Structure formats: C-alpha cells, structure tokens
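Those sequence lines, one after another, are chains B and Z.
Count along the first sequence from 1, then add 29; that gives the number in the numbering used here.
Count along the second sequence from 1, then add 4; that gives the number in the numbering used here.
One or more hints might be untrue.
Stated by the list, open to error - Some, not all, of what chain Z presents toward chain B, calculated at C-beta under 8 Å: (1) 6; (2) 10; (3) 19; (4) 20; (5) 24; (6) 42; (7) 46; (8) 48; (9) 50; (10) 52; (11) 54; (12) 77; (13) 78; (14) 82.
If you're looking for bench data, these hints aren't it; they were derived computationally from the structure.
The model shown is predicted, which means the values in this text are computed figures rather than measured ones.
We put the beta carbon where it would ideally sit given N, CA and C, even for glycine.
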Amino acid sequence: MQLFSHERMWRSHELKSRYDAVIIGAGVHGLATAYYLGKDHGLRDVALLEKSYLGAGNSGRNTAIVRANYRTAEGVAFYDASLKLYEEMSSELGWNVLLNQCGHLTLAHTDSAINGLRVRAETNRFLGVDSRIIGPDEIHKLVPTLDLSRRPRYPILAALYHPPGGIIRHDAVVWGYARACDRMGIEIHPFTEAVGIRMDGQSVSGVVTNRGEISTRVVANCTAGWASKVCQMVRVPLPIVTYPLQACVTEPLKPFLDKVIVSATLHVYVNQTDRGELVIGAEIDPYQSYSMKSTLPTLEQMATYTLELFPQLHGVKVLRQWAGICDMTPDFAPIISGVESLKGFYLDVGWGTYGFKAGPIAGRCLASLIATGETPKLIAPFSLSRFRQDRLVGEKAAAAVSH
Amino acid sequence: MSFLIPCPNCGERSVYEFRFGAEVKSRPSAGSPSEDWLRYTYVKQNESGVQKEWWYHRMGCRQWFIAVRNTATNEVLSTSLPEEKPGGTSS
Ligand SMILES: Cc1cc2nc3c(=O)[nH]c(=O)nc-3n(C[C@H](O)[C@H](O)[C@H](O)COP(=O)(O)OP(=O)(O)OC[C@H]3O[C@@H](n4cnc5c(N)ncnc54)[C@H](O)[C@@H]3O)c2cc1C
Ligand SMILES: [Zn+2]
C-alpha cells in the first residue's frame, strides 16, 4: 500500500566532473540557494557539497526561533521577507515544516532595555511588522507561568510582543528543501568535503573534493562556522570569528508555555516544543573555538537564568545539551555578496547565532545574484566590501542574544 | 569543552577566570593608510588549529598575556607574558 512505501527524500549520485554551480555547505542557506537557483532561474545543473550528513551544522543545532522584529530598517525588511517565505513553505514544498507562529516576547528588566525595545517597536511598526511594547498585566495574560513578582533583581518590567514570531521544525526545513532540490534534478552530495578551490586568473574554475575534482565557474560558500576555512582556499579575507553557541533540552513537561520567551539581559531564550520539552539557548561561549563540545558552566548558566523566569522548573531534568559553531561578524549582520577580487565566488556567511530564520530569503537573493549578476536590494547592505568602506550595519541590539 | 589555561603568573586555572581577547595581529604603524587600519580592525585569520591569541586573567593577576592554543581542540600549548601590550607598542 502507498501508505507504507518509503519515499526517498533525495537520491545519491556519482560526482560529475563539471556543474554550472557548486554550493559548499548543505545547511539551510546552501539548500535554499540551490532551491531558488532551480525554482526561480531554472538553473538545475547544481551540486550541493556537504562534508557531513545534511543539517550537521547549525541548521540542525539551533533553537529554531523565527521572527522579524529586528532593529535596523535593513534588518527588518530582510527578516520580514524571510518569515513570509517560511509562511508559504509547507504548501509550496508539499511538506510540513511545522511552523508555529505562537508569538515571541523579548523581556525588558531595566529602563534602558525598555527604551531599546521601544525603538525596535517603532521601527517594526513603521515597516509594517506587528510588534509592540506590553506591560506586566498583558504579559501575565499571555504567559501566566512567568515570574512577574516585583523582585529587586531582574524584575520583568515590559516586553516587546511580536505575534508573528515563533518556532519552526529546523530538520523539516532542511529535509524539505533537500527533497525539493532533488525533485528538480539538483544533486545533493553528503559526506563530500571541499578541500580546495581552483582558480583561473581572477575567476573560480573548480572545486577539489575528497571524492574527486569538479570544474565549475560558480562556487558559493555557505559554510557558517567554517566559512573562514573555505575562504582561506581562495585567500579571501573575512571579518569573521567562530564562536560556539550552546543549547539544551529538558524532559517533556505538560504544556505550560505557548510563547517564545527571550531575555537579552539574562542571555537566555526558552520555548516549549509540541512534545513538551523545553528548548533553552545560551549566549555564545566566551572564547573563539571550532570545538562543538558542550560545557558544564554554560549548562549551569542556562539553568540559572531559566529559573529566574520560571522558578517552578527547579526539579526539571535536562535530556541533552549540544553546541554549534557560529560565524560572528563585527556588526551582527551577514555577508551575502560576490567578491570583487574573484569572479564566480559568492558568500552567504556571517549568520552567527541568528541565521536560521534568514535561510529562505538569503538563498533566494543569492540565487538571484548568481543567476542575473544583479544585487537584489534586500541584500545590498550586506556586501563584504562594507568592511573596507567602514560602513557597518549595526544590528547588535536585536541580534546579539535575542535569536 | 571547558578547559584550563596556565596563566604565566598564577598557573593552571579554569578558562572561565579569563577573558578571551583576540588573535594576535601586527598593528600598522601610525602613518599607515586607512586601508591598512580597516584591515587590521576587521580582517580575522580565524584559524582552525594552532593560533596565537590574547587572554586576560580577570579573576587573578589581571594581566594580559599570550596563549598558543589549538582552536579546534582547545588544547593550550603554551602561555607567555607579552613584550607588547595589546593595542600599543612597549615604551
Ligand atoms: C545553539 C544554536 C541556537 C541557534 N538558535 C537560532 C534561532 O533560534 N534562530 C535562528 O534564526 N538562528 C539560530 N541559530 C543560528 C542558525 O542555526 C545558523 O545561523 C544557521 O543554521 C546557519 O545556516 P547555514 O546553512 O549557514 O550553516 P550550517 O547549517 O552550519 O551549514 C554549514 C554546513 O557546511 C558544511 N561544511 C563546512 N565546511 C565544509 C566543506 N569544506 N565542504 C563541505 N561542507 C562543508 C558543514 O558541515 C555544515 O553542514 C542558532 C545556532 C546555534 C548553534
Ligand atoms: Zn594570572
């Protein structure tokens, strides 16, 4: 019976000796880029190289929070466009990505934090994004289990409420894009590592992998925490530092929380999944590293700060803890552009701790840049050259710990 | 993975006593063009492997020092006091 037949999500292929385009890294960004190359531009002779299994990077390690309530006009327009693509994704792919727009609350514990959130609320509303400041009474109505007592340390004074924010099933997004790419004839190559990039004068001419060499005129670097390593292959300098970011998940509990709760002051963000588990995320580790091992001090910190918000959780057990490695830029904004010194080489990196929500629109814009040579307006502020011109974007207030 | 750093003054202590600075870079001379300064400010080697970097022992001797660390494994190979303070030449 059809019901019990197993459908292959994507097929395996021998590596060909040439492709129109090669994408390095099969996280949400590489996959979305491939998907839109195929869908919007009919470019299907594309290979996606992934050194590990699909979603082995941050796309399978994040806390899956999506939202559009950023701080700068550039950021808000961009993330809003991404959220809209996520809203359409399940029907577009015929594959449920379990988007749950349950609402997102960023808490303020100080007057200065309220001011910061107020600026965000105004910018958001001006740009048509549903986002407003609410006081303790309304917070209590939305999240009755939150500790709103007037304690001297970290009292909850107000929140930025963003109803369209929520969570998505990150693995489903990765698998759904991979399946859709496969249906279009785009090749997905797991366990295929790019170890070198060939250049012909000022242009890209190929990729060396552990499974053989490929010739191509287009290479996109979508490798997040490993972005600097791939750029070193072509001597393109990046302003990126790789830092681990950790998260954990608790045992399942009865449903008691149906909003995403974020506190930048406490460096913590919490949501309850459909299965009842609490997913808790931390701030980045305090030192640069490529190690994906988790640490006890960070687990303690996540527990401590979660208990500031929900003291009733004190007996709850942690099931798992993990880390991903994040590509941090100095202005907490990404780099999506070509590179002046090397034709055919593209970047979609610098996604740091906040890039899952941006996957669809970043992929769509990069695909458009690759296919047409024109830079879409939405990504114009995010070029690599901004660091040579000293024109940074300044998204720290909304991106640093808020996810 | 959490790890220990042998402070040149205080000996082996938890990494959480320290503040991570950045990879060691050579500073352009005062009259260098702004291009050099922008490169110095923003470009990072971001080495996956052995790297020389600045650390500060905030919960100890409060000294900046240099560590040689493998950023892929967090193994600290050596530490030493600098002849130069971060952001300035020795006088
Ligand atoms: C704990 C945690 C929580 C987070 N929470 C959120 C959140 O709530 N919301 C949000 O929007 N974002 C969040 N993020 C950030 C988000 O996960 C990332 O920004 C996003 O997933 C990046 O996607 P990507 O496709 O660029 O990178 P990745 O998913 O990391 O994919 C890069 C891929 O490149 C592969 N690769 C590397 N080098 C090579 C090579 N040489 N050859 C072939 N393949 C290679 C890697 O194996 C990897 O699979 C979080 C991140 C972490 C770690
Ligand atoms: Zn010391």
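Here is what the structure says about each hint:
1. 6: Where the cut-off is 8 Å and the nearest Cβ of chain B is about 4 Å from residue 6 of chain Z, the hint holds.
2. 10: Hint violated; residue 10 of chain Z Cβ to chain B Cβ min 15 Å, cut 8 Å.
3. 19: Interface hint status for residue 19 of chain Z: holds (7 Å vs cutoff 8 Å).
4. 20: Constraint on residue 20 of chain Z satisfied, holds at 5 Å.
5. 24: 4 Å, holds
6. 42: 6 Å, holds
7. 46: This hint holds: residue 46 of chain Z lies near chain B, its Cβ roughly 4 Å from the closest one there, short of 8 Å.
8. 48: 5 Å, holds
9. 50: 4 Å, holds
10. 52: Since chain B brings a Cβ to about 5 Å from residue 52 of chain Z, closer than 8 Å, the hint holds.
11. 54: 12 Å, violated
12. 77: Holds, about 6 Å.
13. 78: This hint holds: residue 78 of chain Z lies near chain B, its Cβ roughly 5 Å from the closest one there, short of 8 Å.
14. 82: 17 Å, violated
In summary, the structure is inconsistent with hints 2, 11, 14 from the numbered list given earlier, while agreeing with the others.
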